[in-house]
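There are 2 protein chains.
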Amino acid sequence: MASRSGEVVRNKQVIFRDYVSGSPEETDMEVRESVLELRVPEGSNGVLVRNLYLSCDPYMRIRMRKLDVPSYRESFHPGSPIIGYGVARVLESGHPNFKKGDLIWGITGWEECSLITAPETCFKIEHTDVPLSYYTGLLGMPGMTAYVGFFKVCSPKKGETVFISAASGAVGQLVGQFAKLMGCYVVGSAGSKEKVDLLKNKFGFDDAFNYKEELDLDATLKRLYVKDEKLHGRIAACGMISQYNLEQPEGVCNLMNLILKQVRMEGFVVSDYYHLYPKFLETVLPQIKEGKIVYVEDIAKGLENSPAALVGLFSGHNVGKQVIMVSRE
Amino acid sequence: MASRSGEVVRNKQVIFRDYVSGSPEETDMEVRESVLELRVPEGSNGVLVRNLYLSCDPYMRIRMRKLDVPSYRESFHPGSPIIGYGVARVLESGHPNFKKGDLIWGITGWEECSLITAPETCFKIEHTDVPLSYYTGLLGMPGMTAYVGFFKVCSPKKGETVFISAASGAVGQLVGQFAKLMGCYVVGSAGSKEKVDLLKNKFGFDDAFNYKEELDLDATLKRLYVKDEKLHGRIAACGMISQYNLEQPEGVCNLMNLILKQVRMEGFVVSDYYHLYPKFLETVLPQIKEGKIVYVEDIAKGLENSPAALVGLFSGHNVGKQVIMVSRE
Numbered sequence: 001m002a003s004r005s006g007e008v009v010r011n012k013q014v015i016f017r018d019y020v021s022g023s024p025e026e027t028d029m030e031v032r033e034s035v036l037e038l039r040v041p042e043g044s045n046g047v048l049v050r051n052l053y054l055s056c057d058p059y060m061r062i063r064m065r066k067l068d069v070p071s072y073r074e075s076f077h078p079g080s081p082i083i084g085y086g087v088a089r090v091l092e093s094g095h096p097n098f099k100k101g102d103l104i105w106g107i108t109g110w111e112e113c114s115l116i117t118a119p120e121t122c123f124k125i126e127h128t129d130v131p132l133s134y135y136t137g138l139l140g141m142p143g144m145t146a147y148v149g150f151f152k153v154c155s156p157k158k159g160e161t162v163f164i165s166a167a168s169g170a171v172g173q174l175v176g177q178f179a180k181l182m183g184c185y186v187v188g189s190a191g192s193k194e195k196v197d198l199l200k201n202k203f204g205f206d207d208a209f210n211y212k213e214e215l216d217l218d219a220t221l222k223r224l225y226v227k228d229e230k231l232h233g234r235i236a237a238c239g240m241i242s243q244y245n246l247e248q249p250e251g252v253c254n255l256m257n258l259i260l261k262q263v264r265m266e267g268f269v270v271s272d273y274y275h276l277y278p279k280f281l282e283t284v285l286p287q288i289k290e291g292k293i294v295y296v297e298d299i300a301k302g303l304e305n306s307p308a309a310l311v312g313l314f315s316g317h318n319v320g321k322q323v324i325m326v327s328r329e
Numbered sequence: 001m002a003s004r005s006g007e008v009v010r011n012k013q014v015i016f017r018d019y020v021s022g023s024p025e026e027t028d029m030e031v032r033e034s035v036l037e038l039r040v041p042e043g044s045n046g047v048l049v050r051n052l053y054l055s056c057d058p059y060m061r062i063r064m065r066k067l068d069v070p071s072y073r074e075s076f077h078p079g080s081p082i083i084g085y086g087v088a089r090v091l092e093s094g095h096p097n098f099k100k101g102d103l104i105w106g107i108t109g110w111e112e113c114s115l116i117t118a119p120e121t122c123f124k125i126e127h128t129d130v131p132l133s134y135y136t137g138l139l140g141m142p143g144m145t146a147y148v149g150f151f152k153v154c155s156p157k158k159g160e161t162v163f164i165s166a167a168s169g170a171v172g173q174l175v176g177q178f179a180k181l182m183g184c185y186v187v188g189s190a191g192s193k194e195k196v197d198l199l200k201n202k203f204g205f206d207d208a209f210n211y212k213e214e215l216d217l218d219a220t221l222k223r224l225y226v227k228d229e230k231l232h233g234r235i236a237a238c239g240m241i242s243q244y245n246l247e248q249p250e251g252v253c254n255l256m257n258l259i260l261k262q263v264r265m266e267g268f269v270v271s272d273y274y275h276l277y278p279k280f281l282e283t284v285l286p287q288i289k290e291g292k293i294v295y296v297e298d299i300a301k302g303l304e305n306s307p308a309a310l311v312g313l314f315s316g317h318n319v320g321k322q323v324i325m326v327s328r329e
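Protein chains in written order, with this note's numbering: chain A, 1 to 329; chain B, 1 to 329.
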């Protein structure tokens, strides 16, 4: 894998073919090879990186459609590589914050090597005594989403009841563990027996259920002490995976409860809170090292397998955070 | 109308017949006469009052069904009078805060005279140089709802865009005027040309539309500069009149926008904020006297006409705040 500056190398890429409607399929992407000159162009402050781990995140489905909300992230470009969060090693840097050999995480391309043109949006990885793949999940965007959604948006208090949907996913598993560490009563839902077992036995949730097997969710939530007469609940909304493949989203019929129970529901995007990342690391790194927080990953190997990994998110195929390993070094 | 303590008088009442499903009708209520002894029972700290104005409020529809949310207000009792906000004069008091002749506003019965058993929930009316009926609207619960929803829940800033649904109603007309006084761009929707005219010409909204005549509300909101790329909007939810008569509420299909636009939506009940009432009066009374705030009421005369007045709320019959005048003194 050693490479010289200026060398022209083959560069395997995962190309986004065209805008998607309905469920994304592997054929919406194409793995192909192009060539890349391993050099940061003259005058550019970009960095050239070798991608090590790529992150499969549900929000990426939103970028597969033609977006009319430019305030959020823009759509993927048909004919160009998928872009998303990843962990990478700097091969050559035109930016003062980074130098050759640095490890970073941030937005990169689904390809072996990428020229990142706005490296100031990336974080330098300083702590390497944890699995590097964690910087796509537990210690990356999903981890920060859990931290911000739980602590900042929900302002939880000890003894409160916390319900998490998609609870075994990249964000949910961490929210549940944060909530348990804080002394909350924690219930999660997920889409298979295996995931429910993880919630109860690995992540220490107080209770959990498979939403596909419950006939009456109202009754389920009542049974598990989630649905009751508590007032002033807070709902942090960071994503809605069940809706992303629908051309016409489902209607939510019980919004009156916002009033009857004086609930606050708040949508947020984690990037608004990235200034809190150092504080987040300070909190979470010791908890990982002390074994107070664990994390389950589902690692696919090789760019060839990345379309299947990404598509699998939407049928719940992954167990834990879905990562793609591109290269070890 | 003079009455002696201990006198037994005829007392006209509006009786709630039984729980309602679908649209409430006049026949869900019955006006009848009972008798009442004009005396606060020995040992009671209640107050006996003559009701002057009664308030027709959309939330009352919620109390017409058998509620399974005791945390909110409880259901009306079949066979007993409707209860709701009103303005009343104290005839006899068992409570140290109130004395004969005092004017109060708070929860009372739909009848000529009522024994209010928890008068500590009522407010004494100190300012009588405004129409007394205002204490059912502008200076009562709906006014406080406007104040709290706008200033406390939405934390508005000068120059922001404010959209108000049911904008000519008891709450909406005041929110719009608050927002204009603050220097916001204000758009409202209502259900008739007459109401839209009020919004534009009497309350000074920047724009308004009849939602029944717009074929594409998305396009309407875009045209009026309400729907755009602004982020971090706040939605104060104090009621949902369009849903109250439905057994199965309508689904809201665009909740993804909470995330895409980082919106906060918050349900609240005004009674949680009644400690702010003195501050509210300090703000609003001078604005009324200086003509900076106006208020439109729709006053029905006599208890006989109160069932029609209440039912009319749900077909949009009223123009402005619906009040019932029971007695002038």
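FYI, nobody ran anything at the bench for these hints, they're computed from the structure.
The structure displayed is predicted, hence computed values, not measured ones.
Mixed in with the good hints there might be a few duds.
Since the list gives no way to pick one copy over another, a pair counts as held whenever it fits inside one copy or between any two copies.
[Said to hold, decoys possible] Cross-link-like lysine to any residue pairs, in silico, SDA-like; alpha carbons within 25 Å at most:
| hint | residue 1 | residue 2 |
| --- | --- | --- |
| 1 | Lys279 | Gln248 |
| 2 | Lys200 | Asn210 |
| 3 | Lys66 | Lys261 |
| 4 | Lys157 | Gln262 |
Handout entry: Numbered hints the structure breaks, given as an ascending list
Key = 1
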